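S.K.: Letter by letter, the chains look like this.
2 protein chains.
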Amino acid sequence: MKLHILGCYAATPRTFTNPTAQVLEIKNHLFLIDCGEGTQVQLRKHKIKFSRIQHIFISHLHGDHFFGLPGLISTFRLLGRKTALHIYGPKGIKEAVTLLLKLGDSWTNYPLIFHELTTKLPELVFEDEKVTVNTIPLDHRVYTNGFLFREKPADRKLNIEVVKKYNIDTCYYQNIKSGKDIVLDNGVLVPNHKLTLDPPKPKSYAFCSDTAYMPDMVPQIKEVDVLYHESTFLESEQHMAPKTKHATAKEAASIAKAANVGVLILGHYSTRYASIELFKEEAMEVFERVELADDGKSFDFH
Amino acid sequence: MKLHILGCYAATPRTFTNPTAQVLEIKNHLFLIDCGEGTQVQLRKHKIKFSRIQHIFISHLHGDHFFGLPGLISTFRLLGRKTALHIYGPKGIKEAVTLLLKLGDSWTNYPLIFHELTTKLPELVFEDEKVTVNTIPLDHRVYTNGFLFREKPADRKLNIEVVKKYNIDTCYYQNIKSGKDIVLDNGVLVPNHKLTLDPPKPKSYAFCSDTAYMPDMVPQIKEVDVLYHESTFLESEQHMAPKTKHATAKEAASIAKAANVGVLILGHYSTRYASIELFKEEAMEVFERVELADDGKSFDFH
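In order, the protein sequences belong to chains A and B.
Note that the UniProt record's numbering gives residue 115 to position 115 of the first sequence, counting from 1, and the numbers run on in steps of one.
Note that the UniProt record's numbering gives residue 99 to position 99 of the second sequence, counting from 1, and the numbers run on in steps of one.
Hints are computed from structural coordinates only; laboratory data are not their basis.
Hints should not be assumed to be uniformly reliable.
Since the list can't tell identical chains apart, any single copy or any two copies may satisfy a pair.
[To be verified] No more than 27 Å apart at the CA atoms, straight line, and that leaves these computed lysine-lysine pairs for DSS-like:
(1) Lys102 x Lys120
(2) Lys222 x Lys45
(3) Lys82 x Lys243
(4) Lys94 x Lys203
(5) Lys245 x Lys102
(6) Lys102 x Lys243
(7) Lys82 x Lys245
(8) Lys91 x Lys102
(9) Lys45 x Lys297
(10) Lys49 x Lys2
(11) Lys165 x Lys152
(12) Lys27 x Lys82
(13) Lys257 x Lys245
The structure presented is a predicted model; accordingly, all values stated were derived computationally and were not measured.
Kindly produce the complete structure, drawing on both the sequences and the hints.
M.R.: Right, here's the structure in full:
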């Protein structure tokens, strides 16, 4: 699992900072999460192959999280895309994108499939053999969802030495990997745990932006490997957080601590601050395992 | 008169090239012409003061000419803008911008005034004491207008030495500058041309993008000082121009020659070409006074 931060600053794009967009590599998917203005240029800069993006998740319809989407959709068309593009986001996103394409008489040549979200409860929005994606309802000024990405448990790993010692035919290997015991030709039962090793623990990633401090999310994100939680403000601006429905670095850390996550990544910094180091310092007063997102930074989770 | 090229490449924004946007400085106005994705970042890079932009002219509703507009409008709000913003563009632009602001519950705190264009004949869309702006109907795949910016003739200049010689009271100066003759106290008439000098010739700028080769525009842009004409293609791709309703460098030069303009600026280059120098070479086979637009380049016209 790998996370590419394309943009992680609040509000307006500037010369050297970009609004929210990130790409999660998980089980051969490249999931694009949010798409602020300039995202397509950031994708190019970071050499992320456009054609591998099949699913785009939009948290909410503030411009700094989705004004790059119409341009990206148009660019896919100009690049000759044929494969379907799935877009998950708040109700209204289809009307907005459709109107812009209509006005430019620029309909896509590929299927554009909208999955509009309205529920205020966690909802499974994507599932295949290896991954699930659920919404995480958040508390912001407009209807907003975070997203919880979870790898499914992988098959057990063959302990190949033991399997060979018992001279088991390869046609049983898939059964063994699925957890079944084996009865040998001589009638002896070999329990599965003797034939297999534990698979790698499935990874999980929770994206939570934008949101006010919201302890209600804790049960849903309990013990995820990685939590990206917005931290628009430092303690000095704490008074602004409830009104704007944003969180401070310390509040993000409180959530991380309560959920006992593997690591907390901070982002969505207000552009009022000259340096982002203080975000880490303040969060670490509450929770130790803190990383700072920054534009162009990648995180590897193995 | 000064022209700042913020972006002048066709189709998709890339790491080092930007879609169409330019700022015309004329008689104390900063007119923004087109607003592709990333325009607000380009404005910042080139240190153009956001608050001085009061009028935005959008040629047509293809993404590479207006997908930066919703973000710029939102940024004006975040920067605390209070003064009105006028937007001139094809019918539909109001619905599009309004829908995006509504979905984000991000209404502006300043007046946003749309001037929607529908006519296929040249139309006066802006006028004050010093400048007029007319549409130039163009021939593109969707409804498109260029824009013709003209300074009005300035007052005549006082020939102050002569005026003082005749001992004329300052209260008559404005009359003289307006072109009136003066009768001296002794009854002698002094004709205006003895008291004044010619003012500087009013400047004019025609923005023509996107468009197919369209000789019909020539009478309207006859002898403008500066013509920006799109040149998406080189001769080698001439066959693609009529179908896509774009022009070649040579076609742009033919228009410039027929209209006998002061200087032709080429732009809107297809991103298929590694270098833009050939555009100038090909155009100069037809017309001598050719300049190449490029992102970040400024042209001074004194």
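S.K.: Hint by hint, say whether it matches the structure.
M.R.: Outcome of the hint check:
For the homomeric pair Lys102 and Lys120, the shortest alpha-carbon distance between copies (20 Å) is at most 27 Å, but the shortest distance inside one copy (31 Å) is not. In this assembly of identical chains, the alpha carbons of Lys222 and Lys45 never lie at most 27 Å apart, being 34 Å within a copy and 43 Å across copies at closest. In the homo-oligomer, the alpha carbons of Lys82 and Lys243 lie at most 27 Å apart only across protomers (22 Å), although the nearest pairing inside one protomer, at 44 Å, exceeds that limit. In the homo-oligomer, the alpha carbons of Lys94 and Lys203 never lie at most 27 Å apart, since the shortest distance is 31 Å inside one protomer and 45 Å across protomers.
For the identical chains of this complex, Lys245 and Lys102 are inter-copy neighbours only, at 18 Å across copies versus 34 Å inside a copy, given an alpha-carbon limit of 27 Å. Taking CA atoms no more than 27 Å apart as the test, Lys102 paired with Lys243 passes between copies only; the shortest distance there is 20 Å, against 37 Å inside one copy. For the homomeric pair Lys82 and Lys245, the shortest alpha-carbon distance between copies (24 Å) is at most 27 Å, but the shortest distance inside one copy (39 Å) is not. Proximity of Lys91 and Lys102 under a CA criterion of 27 Å is satisfied in both settings, with 18 Å inside one chain copy and 12 Å between copies.
For the homomeric pair Lys45 and Lys297, the shortest alpha-carbon distances inside one copy (12 Å) and between copies (23 Å) are both at most 27 Å. With identical chains, the CA atoms of Lys49 and Lys2 are at most 27 Å apart within one copy only, with a shortest distance of 15 Å there and 39 Å across copies. Taking the shortest alpha-carbon separations for Lys165 and Lys152, neither the intra-copy value of 30 Å nor the inter-copy value of 96 Å comes in at or below 27 Å. For a Cα distance limit of 27 Å, the shortest separation of Lys27 from Lys82 inside one copy, 22 Å, qualifies, whereas the shortest one across copies, 49 Å, does not.
For a Cα distance limit of 27 Å, the shortest separation of Lys257 from Lys245 inside one copy, 20 Å, qualifies, whereas the shortest one across copies, 59 Å, does not.
In terms of the numbered hints stated before, the structure departs from hints 2, 4 and 11, listed from lowest to highest.
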